[in-house]
Every structure is written in C-alpha cells, then in structure tokens.
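A.B. asks: Given chain A, put chains B and C in place with the hints provided.
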Amino acid sequence: FVALCPLEAAAAPQQEPLCIFGTGDFGRSLGQRLLQAGYKVVYGSRRPQSCGPVPPGTQVMSHMAAAQSASLVFLCIHRENYDFLETLVHQLSGKVLVDVSNNLKKNIYPEANAEYLQKLIPGGHVVKAFNTLSAWALQNGPADASRQVLSESQDFIAYLMYISVATKLGLSVLDRGSLNAARELEDFPLELFPVWRLPLRLTLGLTVSFYTYLFLRDVIYTYVTEGKDISFRIMVSLANKVFPIVSLILLSLCYLPGVIAAFLQLYKGTKYKRFPDWLDRWMLCRKQLGLIALGFACLHVLYTLIIPIRYYVRFKIAESTISKVKMNQTSTFDTSVAWHSDSYLAVGILGFGFYILLGITSLPSVSNALSWREFSFVQSKLGYLTLFLCTLHTYLYGGTRFLRPSTYKWCTPPGYMLCLLLPSVVLALKLLILLPCVDRSLTRIRRGWERNGAGDDSRKALLT
Amino acid sequence: FVALCPLEAAAAPQQEPLCIFGTGDFGRSLGQRLLQAGYKVVYGSRRPQSCGPVPPGTQVMSHMAAAQSASLVFLCIHRENYDFLETLVHQLSGKVLVDVSNNLKKNIYPEANAEYLQKLIPGGHVVKAFNTLSAWALQNGPADASRQVLSESQDFIAYLMYISVATKLGLSVLDRGSLNAARELEDFPLELFPVWRLPLRLTLGLTVSFYTYLFLRDVIYTYVTEGKDISFRIMVSLANKVFPIVSLILLSLCYLPGVIAAFLQLYKGTKYKRFPDWLDRWMLCRKQLGLIALGFACLHVLYTLIIPIRYYVRFKIAESTISKVKMNQTSTFDTSVAWHSDSYLAVGILGFGFYILLGITSLPSVSNALSWREFSFVQSKLGYLTLFLCTLHTYLYGGTRFLRPSTYKWCTPPGYMLCLLLPSVVLALKLLILLPCVDRSLTRIRRGWERNGAGDDSRKALLT
Amino acid sequence: FVALCPLEAAAAPQQEPLCIFGTGDFGRSLGQRLLQAGYKVVYGSRRPQSCGPVPPGTQVMSHMAAAQSASLVFLCIHRENYDFLETLVHQLSGKVLVDVSNNLKKNIYPEANAEYLQKLIPGGHVVKAFNTLSAWALQNGPADASRQVLSESQDFIAYLMYISVATKLGLSVLDRGSLNAARELEDFPLELFPVWRLPLRLTLGLTVSFYTYLFLRDVIYTYVTEGKDISFRIMVSLANKVFPIVSLILLSLCYLPGVIAAFLQLYKGTKYKRFPDWLDRWMLCRKQLGLIALGFACLHVLYTLIIPIRYYVRFKIAESTISKVKMNQTSTFDTSVAWHSDSYLAVGILGFGFYILLGITSLPSVSNALSWREFSFVQSKLGYLTLFLCTLHTYLYGGTRFLRPSTYKWCTPPGYMLCLLLPSVVLALKLLILLPCVDRSLTRIRRGWERNGAGDDSRKALLT
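Protein chains in written order, with the UniProt record's numbering: chain A, 1 to 464; chain B, 1 to 464; chain C, 1 to 464.
These aren't lab readings, by the way, just hints derived from the structure by calculation. Since this is a predicted model, take the numbers as computed values, not measurements. Beta carbons: idealized from backbone N, C-alpha and C, even for Gly. All the given hints hold, so there is nothing to weed out.
Pair by pair, the computed Cβ-Cβ distance ranges are:
1. C:Met417 with A:Leu431: 51 to 61 Å
2. A:Ser320 with B:Thr330: 17 to 27 Å
3. B:Thr412 with A:Thr207: 50 to 60 Å
4. C:Asn107 with B:Ile309: 52 to 62 Å
5. A:Thr400 with C:Leu216: 47 to 57 Å
6. C:Glu226 with B:Thr330: 14 to 24 Å
Pulled out of the complex, with its shape left as it was, chain A reads as follows (with noise of 0.2 Å):
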C-alpha cells in the first residue's frame, strides 16, 4: 500500500540518485548535504572529467546522463547559462527542477528565473527554492535549528517531493506560494533593510537640523557675543542635547499614528474606511522608529554617564572649589536642589528602563513567545508610559529655566524646549482618548459599530 502515495519516491533514499547540475560552491555544499541524509548524488557537468573537486561519493556525468538517471534536478548554475539546458527539453520534462539562482541586483530581466526556465522545460515540474540560503549556511546547516527556507511551486507533486527532501536536509519549509511571486523570492537576498530606509532617513534629518541648530545657538552664539572658542563642545556636550532630543520625538512619533488613526476612526464613525496611504505606511514602520529611538536614548545615557570622566567637567568642578576657597564663600545645600537633581535623574533611568523592556520584547523570539494581549500590552501601556516617563524627564531637566530670559539666546528657545512640543501633543491626545465618553464610542467602533447604521452585517464580522 505504500507506492500509492506520492511522498514515497523522493522520500526513500536508496530507490535513486537526486541530481544536482553546476559543480560551484552551492552544488558541492548542497551535495554534501544530501549525501549525509542518505541519498545517491549525480552532478551533471559540461566536462565531466575535469570538473573540479566534488564530494567524495558522488558521481559526476554528463548533464543528459545526470538527467536521465534522476527525477529530481536540482539547477545550480547562474542564469546566464540557462541556455544549454533547451538541448535537454526532453530529458527534463516531466522532472522535478529546483531553481535556486539568484541574480545580483534587481530587475536585469524581465521575468524571474523560475519563470524563465518553466518556459525553458515547459514540461518541468519547476520549484523555486534554496535561494536564500547560502553555500555556507548549508554546510553549517545541521548545528543551526532554526534555519528556514521559503519555497514556491505550482506544482503539488514537484513540491511534495521537494519538501521531503528538504526535510531531510533539517529544513524547515516556509511555503510562499505559487510561482508567480518567483520574482518576490529572488529579490529577498538583494534588499538591504528596506522598512528602515524612510525612519532612517527621518532620523537623519532630524539629527543634522538639531544639531545645526544646537551649534548656532551654543557654539556661534558664544564665539559672536563673547568670542571665546568652545567649539570642542561639539563632540559630547552637543551630541548628548541632540541625542535625547531625536530619541524622544522618534518615540512620540511612534505613538502619532495610532492616536491620529483613532481620530480618524472617531471622525468617519468607522472602522471599515481605509486609513490614507501615508498614514499606513507610517504605522509600519513605528517598530523601526521605536528601535532607533532606543539607540538613541542608550547614545544618550552613555554620553551622559561620561560626563563626569570628561577633562572641560573635571576642571570646571575644580575652578569652581578653588574659586569658592578664594572668595571665601560658604555656599550653604538647597534641599530642593537635590530634590530637583536626583528626580530627574530617577524618572530618566525608570523611563530608560522601561525603554529596554520594550526594545527586548520586540525582540522576534520574546515577542512571538508573548501572547496577542501581552504583546499589545507592552507595546501599548507600557510604550505610553515609556513616552510619558521620558517626557517628564525632559520637563524636570527643564525645571523652572523657561523663566529665565537668558535662555530665549537669539530670540530662540533652547532645543530640549522644541522637542518636548510634539510628545506632548501626543501625551495630550492619549489623554483625550482615554477619557470615559470618548473610549466608549472607540471600542464601539472597533468591534465594527458605524455611525451611519449601514452597517448591520459587518456589525457582525470579527474583529480582532
């Protein structure tokens, strides 16, 4: 009663030779692999004499030959020899054909390379698969669990006996569908952070206009009107005002969109309207702004706690003990001075390290051990938090400086002043959201109420 069933015929390893054409990096890791799961390899080569070296136990034929001898052919050789393998139209036909090519940058051809041999061997069974693992990471392969590889495949039967086979290399499938989204699967290895390019480059901007900012009011300022040099201040004392400043608009403006989007829903009277474009592309990238807040926020606890090492600190706190002995002073210890000093030193180390929690709960092994109610919890009460803690910080760092006129230099409020607009704002709004009249109507909303009453049967859909 086996033979009925498809899996048999790849799965049973001593029936018959897999072949594998290309004899490059990837062919002999992937040989080698194969070899240990048990099965017979067959490399089909061009010059099957004088190849170069494959793994001992394998045998190396002519492509026709490898072809025949196989019904499973895995092609790893570069797109730009795919032409040969017309000649063997025949030989292929009806064979399973595992492309895993990659090209080295994006669109050079018009179709992807899976398509581009289905039309080579319309009689092939093609599977798209492997090409995003490496020559090494197959070799490595046994000692690291975790490794996963995406596939594609039109073809039931082509892909039940690819996936057996993969099994047994101790792969995990991650099945991406039909062949038509190929392409997608062979642009995977080429992108290069591609959610983080507009939060990286937001934080870009910010950092360079902050810091120009900063280095007019301080640096300029003070050369202008006192012509005294302190431009060595650039390096830490500049960095650790802009470092805070970027960290902490980048956390409110991880929290902007989901405040604007409960408006929006509160406007409209419903959940079922699509948000606008900009404000979806926003809300995907808020994990990525919140990481590089959170880098930013360490850059500035570190610079921070340098500060007493720094030669400009040292030497002002002992200027400032001589100056006292010489004068004769008798400066006397104002309470609420160190009141102020050490709770804006607290609430900053408590948002801090709520700041940590957040960024080792996303973190994708915590975060996927966390339930759907836990995660939203500390991405949301505890992320509010977070913006709120850090916020008072900024405000206690402030204290009572907004009175005095010397800080407005230029006519210009100091940068910890434009940057607390914003979190507040969204601290604010938060605020409104939460108050009792207001939540009612939300969460109705969000278990799919509309205003307008039209909506009696997704009144009835599940939300989530």
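C.D. replies: The following block gives chains B and C in isolation, referenced to the frame of chain A:
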C-alpha cells in the same frame, strides 16, 4: 494515483474555492492571504450586496450559496452571531469548519466557542485555529518568518485539509490536541503574563517593605535625632539601596527551591515522591524571578553610575575639599581603603557581567540553540557563581561596618545585612550538597535508586 | 480511501494505543503529553503491579502484553537495561521503536544506543528521537512554542508514524538523516560549547599574558623604582587596561581570516582550491571570537564608568585641587586637551554602540529575520566600521604619549601600543583589498573565474 491521498483535496488550489463567513478585518485579511497563496476565495455574507470592501478577486454570496460551493469554511464571526448557523446545518454537514473566534473575556460562556459550533453543526468537522493570530499579523505574515499557529481538532481528515491550507499561508502549525482543549486555546490570547504574577507580587512586597524600612532608618531617624530634612534621598539614595537588596533576595529565591528539592530527595531517599505543591509552583517561576532580579540589578548599576553627577554628591565632595584646605589637613592615601573600594567595585562588575550572561541565555532563541547540558551548565554553574559574586560584593560593601555600634540605628540592622541572610544560607546549603558523600547519594537517587530498595523496576527507568 | 495512506495508522488517535517501556520521569512525562494529545497510552513494566505512579488514564501491563497491543513503542529505559528486550524479539518485530535514551558520557559503548537496539531487534523499525528533550521540557511543552526535536531513521514508514505523533505533541521535527548518525545525536545533549573552546582558550591566554605584562610594567616597576606599593591597581586599573586590549585583539582576529582568505584567493587565482585547515577552523569560530570581544568591551565600559566613584580617583582629584589652592596656581583651560579628551570618549562610545549592534544581530532570532545581504552588510561593513572606530579610539587614547621617553618603562612599550599592531595591519590589508584594481580581480575570482583559464565549466557554476 494522486487522488488516493487525502492531502490532495485541499492542496490543489485550482479545484475548489475556500469559503469565509464574515467580512470583518480578520475575514478580509485571511481572504487576501488565501488569494496570494493561489486559492479561490468566496465570502458568505447576510447581505451580499452591501457588505463593505472585500479583496478584489473574491466573490461575495449568501451564506447558503457560499457554504455549498466549498468544502472548507472559515468562520470569522463573533460567537454572539453563531445562531444563524443553525439554518445552515444541512449545507455545513460534512464540511471542514475552521473556528477562529475569540471572546473578550474569559469564562463568559459555559463551553468553548468551538464546542458550541460543533453542537450547532453536529455533522461538521470542526477545527479550532488561527485565533492566536491577529488580522494585522495575517496581513504582514510573509515577512515574519517564525509565526506559528496553534490549532486542534478531533477530526483527522479535517485537520489534514486545514494543515495544507495553513502551510500554503506560510504558517507552521503546532497541534494542541483534541477539541476538548479548545477553551485553553481560546483563553490563550486573553492571558496577561500568568506565570509572572506571583514573582511580580513578591517583588512588589519586598520593594515596599524595604523602602519603608530604609525610609524609617534613614530619613525619619535623621529627622528625629538631628532635625535635618534629608527626604530628597528617597529618589536616588534609598532606591539605590532597595534595588540591590531586592535583586539579591530574588536571585537567591531562584536557587533556594533547587536546594530544598535536593534535601527533600535526600531525606525521602527517592526521587519518585512528588514535591509538595508550593515547591512545584515555586520552581516553575524561577526564570521569572531571575529576570526580575536582573532588571533590579540593572537599575542598581544605573543608579550607581549616576552618583558622581548628582548635585548632592558634588556638593559633598566640594565641601570636603574646601574644609580640608581650610583646616590645612594633610590626608594620606590609605592603600587598604583603595584595595577595599576597588575590589568591591570589581567583584560587583564581574557579578553583573555573569548576571547579564544568564539573562541573554534565557532569551528563547538563545536557549533553543544550546544543548541541554550547556543550558544547565549556564543556568546552574554560572548561576551559582553569579550568586556568589553578588553576595561577596555585598559583604565587601559592608566591610567592617558591622563592628561599629553607630550602624545599628534604633537597634535595627542596616538593609544590606538583612538581605545577606538568604543568599548566605543558599550558598551554605549548596556547599553542603557539593560535599562528595552527599553528592554521591544525591546522584544515585537522581538516577533512580531508592533507599528502601522497593523500586527494582523504577531503578531501570530512564531519568533525564 | 483514507486507509491507503500510511499516515493514518498512527495519526487517528482512537484506534490503537501507543506503548511506553519504562515508568521513569521521562516515560511519565511522555505519557502525560500523549494522553493530552488524545492518544491511548499503555505502559510496559517488569512488575506492572508495583511500578510507581503513572498518569491517570493509562494502563500498566507486562512488557510483552504492552508490546503486542501497540505498533509504536517508546523505549524510555537506560541502555544498561536493554538486554531484556531480546526476550521480546518476536513481539517487537515490525513495530516502530522510538529510542529516546542518552548516555552519561561520550564513547562508553562501541555503537550508538539506537544501533544497539536495531541489532537486538533486527525486525524493528528503529527511530532515534526525543533524546534532546528533557522530561521537564516535555511537561511544559505546550507553552514553549519553539521547541524542536531532532530525529533520524533509516526507515520511512517508521518515520512517518513517528512524525505524526511528534506533531500531535506540538513538536516540530528536524530530520537529521539516517540512523548511522545516531551517535552524533546521542552525543548532542552531552556537548559543552565545542565551538567556544578554541576562542575561550585564546582569550584566557591573551588575558593572562597582558595581565602579567602590565603587572610587571606598572606595579613591579613602581615598586622597584619608587618603592611604592600600588598593588591595589590590579583590581580595577590594570583590568581596565587588559580588557580593552584583549577585546580589540579578538575583534581584529575576527576579521583577519577573511582578509587572509581574500589574499590566498588572489594569490592562487581561483576560489576552487581549499583553504588550509587552520584557516577553515579559524573562520568557523569568528562569531565566538566576536562575542567574547563584545563581552570584554562591555566590561571595559563598566570599569571606565565607575572611575569617578573609586576612592583612589576621588583622593587624587581632591589632592590636586588642594595643591593648586596651596601653590596659588592659576591653571588655564586648554581647548586642545578638551578636544582630545572629548573626541577620544565620543569615538569610543560610537564604536561601542556599533559593537552592541553587531552583538544584537548575531542573536539567532534576529539574524534569521535578516536577508543574506542584510546580514553580510551588518557583519562585514558595520564590523569593519566598528574595528576602525575602536582602533581610532585606542590611537586617540595614546595621543602624543608615544613621543615621551618616560612611556617606555624598562624599554618596553605600553600595552595599548602592542594591541594596536594587529588591528592596524587588518585595516591596512582591508584597504588594499578595497583598491579598485584588487577589488575587481577578487570579485571576478569569487564569481568563478580562474586565472589559469582551465575552469570553463566551473565558471558557469553558481557561487553564493
């Protein structure tokens, strides 16, 4: 021969549409993903003409027509609206019914949603699944490689069809057993850190008690005896005493149950007697205790590092320098004080380093990459080393202070002495266990030996 | 049609019980999990009447009766007790036998336990599995979503049955090939950081050598020339010199093999010649070298940040202030010193930030979420940037000190100069490789080109 394998029926996407009841967020996201995977999708709706947007390429029909056209139906509707399904008993019999619903709260219905569904449609093959996924996760699924779904069914054919669909969607399926456990699965997305509850309460209790204790000994004592207001110390100074105290106690509470368990086994002379319930529950939350302890240790480190930035500390240092100048004192450098101060700091840093290492190895993805022996080496050997270093750090902090009577304000010991009790006991007991004779008995018991010699068979049983 | 598929036999839980030999921890935990998954469970025991507690709902029989009632038997007994199985050869023939046993040490038996079992029961279908799981992990399994099991078998039918059971238990199966590799699987839980051994030994050697070197130059030199005892410096001051030195050397040892490999390829004109063994082994432990380097960098940061809290430092600062007052000196603020001190610190912090980033991306769950190009961008580009920043930090630390003769105590260079050698060489070589002409040749070679022109076929092979 292919048609003989039941996998085929659902897996060949062209043949038959899949049906989704409900056009809410989840229904629409699911439809989109099914479309991307190459399936035909049909929606069932009460008012097919005016049901809101569905993904382009899908059809909307009446519930009855939709049910008839497919052999697998996803029910993306709230349980409150299941009643209309009774009218479709005939159409849904023999179909695979995937119940994805969640409730807003636990225990509001007598039976699980999936069991209720099975009651309504006795002839349907009910699978409980996807309820741990959000519409959001479904839409962004392909990028999130490690998303797993839990699911369960009593029905093997139904289950196979469901698995082939879930796999096509790029989800890896974790089977949670038969439908009887549906309630557990439905409660899953509603859980909020259940294992963290006990450790968090304990932490809160300890923190509040020690804060109060230190507040009385520090702030109130100074106010009463000297009339000075040093309440500003609660922000940083007191916190920086409470955090390490609680951290050390929690860390030793991590290792105490293991020691108790060993002594219980030695006392009873067998490992086949169950531990008392409190010990079992305690052992299950050791990881959480350790992580909270690590969090407090991190706060302690940050609070310590900002010491030189505090106004209070700077004032004190300046004051002492000035007074030295005025008194014309010549203090000499005391090498033993330098030794003491440096070794206290160095031991603390090393302890913290190992602490962090323990934290990193308890990340799910890291601990999965370790073998069982590696994991137990890190968590046990390195764990005890960490406990030892942190305890030593506290002893060094105390130094010879315990000899001075002025330490015992109002005849109470300082906080660090109280917190040294528990780790000292744990380390002493562990040392006892490591004695060769005790260790030998324990190893024998853990390999299945029993003192009263009854267990001939169980001696042969495998222990891990 | 269902009965035709071999999956069915084991997967329909109602039909037939599963059998477990052995009622120890592992046997009981496994039984409990199988019960939860809906299977009937039967225990085989030598003395069925007095075998200790088994999960309620299971039956205990004699080994013979239990073996006859099931077609899949889990053997949860120590290998020492396998001998009695010989009496059951008849009953166990044709059954699927899952061997879960582990040994206490490596290489105490000539063949793997699973192979021994196969010898005892030649007619059984042996599967080696579950031995990497502990009884503990089995009991807590359902919550730990990412638990994977490794397993292997020569026997396809046996394997399919086993897989369907393992899947029902919520475990994802990683196939490790045929039974010949059983020993590797049995050694797996006994391994203790095998890839870490070489890097750790190297680290130990470097640390001890530099500690000794600096101890001689610092403590002994001062004692000999000035007669002063500054031995307290070994706790923090010396450690804080050794840690960054070792960290920088380890980091450059991470990148040196890649550079050597590139020059080897350039020299040989082909990428098809194998690298020497020592280079291969070196390249395989680069990740471990990098992580240890990161650990030492973290220690360096902590040791640096506590500087202002140290008694020694506070004493020195107070002393210098007092002496300035007494001498009535007026020291002027030196902007160039401020520039130097600040830029040295800032570069160090930035280097450390990228260091941490490298560490985070080498977490398994993070690196799995990156595409191949992203991973190599982070580990290569950002890695060299980190190495550059850390080297620059060290150069800035040295400053113009290398010009002063007093730096070379006993004619030996200070530690930081020694450690600058290696990273400077690595960076210089890397710069050489980045020269357009060299880069072009290297890229051609890595795409399969060979200088001696022999490789017509291999030029077509796929590189990754």
